[in-house]
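Residues per chain, in single letters:
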Amino acid sequence: MKSSIAVLYRLTVFSLLILYASVVYPQNTNDAVRLGLPGLGSNARALGMGDSYIGLSDDASAAYFNPAGFGLLKKMEISGGLQYTNFGNNTTFLNQGTDYSNSSTSLDRLSFAFPFPTTRGSLVFGLSYHTTKDFTSTVKFNGFNSANNSLIQALLAPPNPSDIPFQLYLASAENQTLIHGDLNQSGSILNSGAIKNWTFSGAIEAYKNLFIGLNFDLITGSYDSNNQYYEDDTRDIYGRVDPTDSLHTDFQTFNLNRVLNWDISGWDAKFGVLYQFTNLARFGFTVQFPRSYDIKEKFTVNGYSQFSNDQVTLKSSDFSDEVEYNVWTPFELGAGFSVNLRGFIFAAQGTLMDYSQTKFEDVSGLGAVTVEDINQNIKDQLTAVFNYNLGVEYTIPMIGLRLRGGYMVQPSPYKGDPSDYDHKYITGGIGFLADEAIGLDFAIAHGWWKDFGDNYSFDQLGNYIAGASRTYQDISVNKFILTATYRF
Amino acid sequence: MKKLLLQIFFITLFIFGLNGCYTIIWSPDSEFPNQDNSEAVTVYYGDIYYGDYYYFYDIPWWYDYNPPVATGSDTKNRENNPDIGTLRDTGGRSDPLRVPDVQPPSRDQNSSGNNNDNSSSSSNNTSSNSSSDRGSSSSSSGSSGSSGSSTERNSNGERSSGGRK
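The listed protein sequences correspond, in order, to chains A and B.
So for the first sequence, the numbering used here puts the first residue at 26; every next one is plus one.
So for the second sequence, the numbering used here puts the first residue at 513; every next one is plus one.
Check each hint, because a few of them may be wrong.
[As the list claims (entries may be wrong)] Keeping only pairs whose Cα atoms sit at most 25 Å apart, straight-line, the calculated SDA-like set for lysine to any residue is: (1) K233/A with Y566/B; (2) K233/A with P580/B; (3) K233/A with S539/B.
[As the list claims (entries may be wrong)] Now the stretches of chain B that chain A is said to cover, found in silico as 3 or more residues with beta-carbon under 8 Å: (4) 536-548; (5) 569-579.
By construction, these hints were calculated from the structure, which means they are not laboratory data.
The model shown is predicted, which means the values in this text are computed figures rather than measured ones.
Note that beta-carbon positions come from the ideal geometry of N, C-alpha and C, so glycine has one too.
If we strip away everything but chain A, and leave its shape as in the complex, we get (with noise of 0.2 Å):
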């Protein structure tokens, strides 16, 4: 009863953002939980324990996972690999369900690490270029919806109704449309793009077994959407809908296509510590600094109307926009440990951050009052979230070949979702060693979890409906990752 209760909050306030966000600007709280959601990282070996590696580290994915790591490495390191990701989401609309899926394929990372001689200790410097989040999914659906309201109506709800059905002939000047509902719902959203890092680390052993580490992020990447939504009438109920005009006739589709693109860059830090206690065990400790992020972003707004007779094209510069703004995410705690018996290394990780700390700052075009309105959003919305990973892997020694198997809870940073929202992982992996000095590493994780969106939330009049149109999402994602290292 509580998580219902919660939920019906949540998607409350969450369809009365995404309105006010559709319409008047597309920056939301959606954003700021795409940044700060934790990515699965680029290292094979870490990904097949459930990225439970804080507490182990001893390559050159430490530049991602905790930069202590780097002072275990005793011996210098290329390595890289590929990843490929494969989102599927089973859309449930108005009964009707939809299978779709969205895959990309990227170079995962590479990486050079170079441990300084010492007679005592460890000095270890460290270059790589690494993917730290995929963007990659997808949404599409198709339903008739029944019910008295649509995307028309929903556009020209107060305060701010929009142009759109005007400059359509979808409405009249004054706002009146004949469309009451009773249309055929459609639409895909096409999400992809990535988040890569410039890291430059450096790590040292202070005191013996106790190495402590430095990251700096140099951030890059791009992300770009493509919601692409239609009304029909495919029962053909309606003639003229504007009621003023009587040129255009035989309502028959609507569509409105929005792009979103971003052009990021920034920078962030991170500091780790790691103990090493003889050979049974190490503890590791990470402070991520929050990542600022500089978003360039183009919205651009198409669309049309068909009648019968004639097809209206929208005037897209009237609806587009070009802003720049910082996104700051939270600080992030980590700390893990991992424990070494008879050929089994175990593995475990907490991680805190709290999503409500997410902050938006203008740099051109936002206003200070919007961006206001954001964060306000942010911390009504949003919740601080304890992320945990486990893993385990066993070491045959005769033929130098590893089993791997993990799993990660990453929970819902949204204020009251049921555990069917958070981001659930079971994750395996095999690693095999040749010649000493080469070693070639896969995994494997398999992602599920349940979320929601919706095309609108509100009638012609304003008044808020609940799951007006509603997509209910079940989301698996199978992941990929292939690493092969070198040491001399």
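Chain B: place on chain A using the hints.
Just chain B now, with coordinates in the frame of chain A:
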């Protein structure tokens, strides 16, 4: 943002500016570290349970690395070997500073006459070298070679036999 940058700066300073840090980095003026002269690293992947991963993770690369020997830095032998030093003089300008090298080491103290003879002989030798420097004839070179030969005798203490002349 300034506050954050300051935090990161001080942490960096703390990490890499620690006095009395445990780690000792090899420097070119010290012996290259190897298994014998450096402190043993803590092994995490013992070969009993991890096989070759022990070498992959726990053996520093510098244990197997033989640094190249620097040339031109060892001048001790050359300075201490008068034979080589004298041979090197042949065919070139004489070095006044090397003149004392060719003087007899001991007999001078026993006889003033011998001392004179030796001085004379030494002077002759020097003269021969000067002649050789001018490149006048191959025989001058021969004199120089002879001079070298007598220098070798000097060093053997046989120069005294010349005093019988």
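Hint check:
1. K233/A with Y566/B: Given pair K233/A, Y566/B holds - Cα atoms ~20 Å apart, limit 25 Å.
2. K233/A with P580/B: violated, 30 Å
3. K233/A with S539/B: holds, 20 Å
4. 536-548: holds (count 6)
5. 569-579: holds (count 7)
Violated hint for the displayed structure: number 2, the only one.
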